[in-house]
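Novice: Residue numbers (our numbering), protein chains in the order written: chain A, 6 to 342; chain B, 6 to 342.
Keep in mind the hints are simulated off the structure, nothing from the lab.
Some clues are possibly wrong.
Note: identical chains are not told apart, hence a pair may lie in one copy or across any two.
Stated by the list, open to error - Below, in silico cross-link-like pairs of lysine to aspartate or glutamate (EDC-like), each with a Cα-Cα straight-line distance of 20 Å or less: (1) Lys278 x Glu36; (2) Lys305 x Glu341; (3) Lys226 x Asp82; (4) Lys33 x Glu50; (5) Lys103 x Asp205; (6) Lys9 x Asp82; (7) Lys103 x Asp200.
There are 2 protein chains.
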Amino acid sequence: MGTKIGTQSAEISSPVYLRSYASVVGPKEGEGPLKYSFDEITDDEMYDEQTWEKAESKMVKTAYSKILSKGGITPSDVDYIFTGDLLNQCIASSFGLKESQTSFFGLYGACSTMAESLALSSMLVDGGFAQNIVAITSSHYCSSERQYRFPIELGSQRTPTAQWTVTGSGGLLISSISDNNNVFVKKITVGKIVDMGIKDVNNMGAAMAPAAAETLITHFKDFNISPDYYDLIVTGDLGSLGKEICSELVLANGYDISQNYEDCGVMIYDAKKQDVHAGGSGCGCSASVLAGELMSRLKKAELNKLLFVGTGALLSPVSSGQGQSILGIAHAVGIER
Amino acid sequence: MGTKIGTQSAEISSPVYLRSYASVVGPKEGEGPLKYSFDEITDDEMYDEQTWEKAESKMVKTAYSKILSKGGITPSDVDYIFTGDLLNQCIASSFGLKESQTSFFGLYGACSTMAESLALSSMLVDGGFAQNIVAITSSHYCSSERQYRFPIELGSQRTPTAQWTVTGSGGLLISSISDNNNVFVKKITVGKIVDMGIKDVNNMGAAMAPAAAETLITHFKDFNISPDYYDLIVTGDLGSLGKEICSELVLANGYDISQNYEDCGVMIYDAKKQDVHAGGSGCGCSASVLAGELMSRLKKAELNKLLFVGTGALLSPVSSGQGQSILGIAHAVGIER
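Construct the entire structure; sequences and hints are all you get.
Specialist: Pasting the structure below:
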């Protein structure tokens with residue numbers, strides 16, 4: 006049974022564990038600094054499929070199956086799936102999970118989808134509606150580039166503020182049953198839409214940073230805690246530029262996160278060696294960093310309290326073409342052990 | 006606190022009321038048999054905006070504001086919004102609700118989104134996470150046609166099995182507080198993805214009917230009830246062809262729904278006078294029929310038990326172009342008074 010806290014937050018009162026997790030990523034991600042944290046690194050972007058979209062679906066399917074096997078459960082043990090991705094009509098998720106034979110909730114939260122699915126899963130388990138829920142998302146550099154920007158074959162030049170969409174899928178098993186590592190979800194803040202009037206589609210980090218900052222400030226206020234309550238605060242995925250803006254905006258409101266703040270988009274690539282400009286992005290970015298490096302550090306007790314803040318840019322080429330700004334949203338999930 | 010029932014269902018145990026509802030539709034819908042049930046009928050498809058997408062967003066915005074005012078609450082009383090639509094990246098919902106200043110969950114369930122949002126809202130209220138949640142969806146004939154099929158200016162001929170995307174938005178206020186009409190959500194069945202291998206994108210009804218039938222059969226089995234438990238069973242939106250297929254599939258499994266079964270896509274237009282072929286479709290179809298005619302009949306006690314089954318076709322022009330079939334999904338929400 007949950008409790009509403011403050012204006013936008015909820016406390017999970019029964020034990021809701023992160024029982025299992027898995028990630029599958031592409032070759033570029035597999036060359037980055039987090040390479041040892043992923044469950045599978047594919048040889049190429051096609052993953053033995055004929056299209057990028059099918060490759061992305063296959064990554065979702067593989068990650069889903071790994072989450073179940075690592076959690077020691079069968080498909081029939083899963084009560085619900087929460088999932089979504091960046092492709093129009095979220096086809097990566099639906100085709101990737103079409104054989105799951107499990108009650109299915111489709112989400113659209115852009116790059117905030119991992120946090121959104123984790124928040125909703127935790128609420129449903131806490132509310133007594135489920136024992137096991139899988140929250141899983143994905144993105145793919147090639148399928149995203151051609152849908153949102155240009156076909157990659159054109160070799161279009163990218164601006165310095167552009168982010169690189171992560172090829173990968175990651176997800177977690179949210180459960181009322183522990184795997185004895187005792188990692189659980191405790192504090193949730195669900196974001197509002199923030200419109201700062203930013204229209205530069207090659208600078209998503211700047212568009213999402215105010216939403217991340219607002220959710221962070223609300224989280225601290227609603228729970229009456231300071232940033233040092235957490236060992237680590239991780240946004241996903243603002244990139245290097247957005248991370249800086251977020252940190253400054255939060256500081257301007259009286260909270261200093263400079264000592265314990267990271268961003269999934271910054272963590273996943275080596276900015277010096279890998280040509281990714283402002284860093285990684287995409288639903289698969291925060292998902293594979295959470296369901297890899299971050300969960301692994303929680304399990305090993307290198308982290309005891311983590312605040313995971315998924316950030317999304319709500320826009321489409323049509324909305325931008327019609328002169329609309331880029332809307333930002335961010336959801337925060339506090340994970341403890 | 007909820008209870009998981011059977012394989013895919015949940016029972017809402019505390020009172021979760023449908024406290025308010027509203028709908029805004031376009032001129033064609035306003036000429037149909039349900040014209041007296043809508044809160045607003047627009048003069049044209051543009052609704053004083055410059056693009057169809059912006060018109061759709063404005064319908065969402067207007068419907069949202071009417072739900073609040075009819076429910077006698079202010080924007081700050083709303084704990085969460087669940088919303089989604091058919092446009093790429095769900096821009097109708099996000100731009101329509103960007104000024105809501107309320108915690109926002111984006112969904113993608115194609116035309117099943119109204120039932121999906123209603124199910125999740127009910128679970129969160131029952132779980133103690135919220136007092137008031139708005140579930141709202143939309144669709145627009147012109148924005149959908151150009152995105153999924155052809156620009157309407159081409160005047161392309163439609164097949165007899167094609168459905169007409171409803172222009173409209175509808176939504177409900179799900180609350181722990183009653184408006185004294187005592188209409189509440191009781192029984193929920195969350196659908197799985199059903200893939201029957203159907204690839205004809207001009208026959209969505211046939212693609213969705215097996216999913217609707219499977220969810221109906223599961224609902225009857227999970228709760229151990231027969232179809233006559235409900236005064237009315239309404240799918241939304243299979244259209245005339247899909248409705249027939251669904252009825253036959255359910256009968257082949259031993260349940261006869263022929264006496265108390267309707268479909269939102271059939272109800273919303275006059276098949277003889279309005280040139281809509283197999284009937285209405287789109288997220289806005291089941292939303293405006295539920296948040297209009299059906300809620301009005303429940304309030305007036307003309308209906309005491311309604312089973313609302315939202316049906317969605319999970320596909321995109323890209324998935325169809327790559328030879329993938331049309332996936333179906335359906336969620337059932339039992340509403341009583």
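Novice: Each hint needs a verdict: does it hold in this structure or not?
Specialist: Against the structure, the hints come out as follows:
1. Taking the shortest alpha-carbon separations for lysine 278 and glutamate 36, only the intra-copy value of 10 Å comes in at or below 20 Å, while the best inter-copy value is 63 Å.
2. Only within a single protomer do lysine 305 and glutamate 341 lie at most 20 Å apart by alpha-carbon distance; the minimum there is 12 Å, versus 49 Å between protomers.
3. In this assembly of identical chains, the alpha carbons of lysine 226 and aspartate 82 lie at most 20 Å apart only when taken from different copies (19 Å versus 38 Å within one copy).
4. For the homomeric pair lysine 33 and glutamate 50, the shortest alpha-carbon distance inside one copy (9 Å) is at most 20 Å, but the shortest distance between copies (46 Å) is not.
5. For the identical chains of this complex, lysine 103 and aspartate 205 are inter-copy neighbours only, at 18 Å across copies versus 36 Å inside a copy, given an alpha-carbon limit of 20 Å.
6. Taking the shortest Cα distances, lysine 9 and aspartate 82 sit within 20 Å of each other only across copies (13 Å), while inside one copy they are farther apart (29 Å).
7. For the identical chains of this complex, lysine 103 and aspartate 200 are inter-copy neighbours only, at 7 Å across copies versus 35 Å inside a copy, given an alpha-carbon limit of 20 Å.
In this structure, none of the earlier numbered hints is contradicted; all agree with it.
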